[in-house]
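> If you want the building blocks of each chain, they are given just below.
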Amino acid sequence: GAGVSQSPRYKVAKRGQDVALRCDPISGHVSLFWYQQALGQGPEFLTYFQNEAQLDKSGLPSDRFFAERPEGSVSTLKIQRTQQEDSAVYLCASSLESNTGELFFGEGSRLTVL
Amino acid sequence: AQSVTQLDSQVPVFEEAPVELRCNYSSSVSVYLFWYVQYPNQGLQLLLKYLSGSTLVKGINGFEAEFNKSQTSFHLRKPSVHISDTAEYFCAVTKGSYIPTFGRGTSLIVHP
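Residue numbers (the working numbering), protein chains in the order written: chain F, -15 to 98; chain L, 9 to 120.
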């Protein structure tokens, strides 16, 4: 498809497990963003890539969160030693290089930590 | 840093009635403004955007918004809503970094 693809759509993890969430952006989109959306809240910024460079990771809540985009296309958000407060929907979005802030979002990965 | 305030967490309205969803932002510099819609179990979809020019912006599905610089507002309006407009609506703002900051969202509930 032509849109942003995220997998898995749903993930249940036991507290302490590591999880990896994948994002496949729109082809040709240079910029890639990760957001965290808690229940009933708006998306909160986590991190931003331009090609393979992680230009801003100021929103990552702790050093248990790690994101990469090694070839400037697919990105992976990894959460180590998950905790219950990590339960949320993780949204990935991509945009063109000449970005004004218009993002194209995937459907999100819903993480539930038990 | 900019912030976005959506004053209403929930707006109930009857079908075919007009609606306004309020958004205020705080920033001392020029910004770009956006409204996104999120249907259940889906990602966010752009409704409309203000980059420059006319302060009245028209978007998809009959929605429009007006940028008011003096009041730092960007309220979303629709003259006649449909059941299918029931969704979560998010206001967002960006400035130089092009990293959008989102409001907490307004749930629009359209009753028959």
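Check before you lean on any hint, since a few could be wrong.
[Claimed, not checked] Derived DEER-like restraints, expressed as beta-carbon distance ranges: (1) L:Lys77 / F:Ala22: 28 to 34 Å; (2) F:Asp40 / L:Asp16: 26 to 32 Å; (3) F:Asp47 / L:Ser34: 41 to 47 Å; (4) F:Asp2 / L:Gln79: 30 to 36 Å; (5) L:Glu24 / F:Ala22: 42 to 48 Å; (6) F:Arg65 / L:Glu28: 42 to 48 Å.
Calculated directly from the structure, the hints in this document are not laboratory data.
Backbone N, C-alpha and C define an ideal beta-carbon position, used for all residues, glycine too.
> Next, verify each hint and record whether it holds.
Hint check results:
1. Between L:Lys77 and F:Ala22 the CB atoms are about 31 Å apart, so this pair conforms to the stated range of 28 to 34 Å.
2. Distance hint check for F:Asp40 and L:Asp16: the Cβ-Cβ separation is about 30 Å, which falls inside the suggested range of 26 to 32 Å.
3. Between F:Asp47 and L:Ser34 the beta carbons are some 30 Å apart, a value that contradicts the proposed interval 41 to 47 Å.
4. The beta-carbon spacing between F:Asp2 and L:Gln79, approximately 47 Å, falls outside the hinted interval of 30 to 36 Å.
5. For L:Glu24 and F:Ala22, the hinted distance range of 42 to 48 Å is not satisfied, since their beta carbons lie about 34 Å from each other.
6. At about 45 Å, the CB distance of F:Arg65 to L:Glu28 agrees with the hint of 42 to 48 Å.
Checked against the numbered hints above, the structure violates hints 3, 4, 5; every other hint is satisfied.
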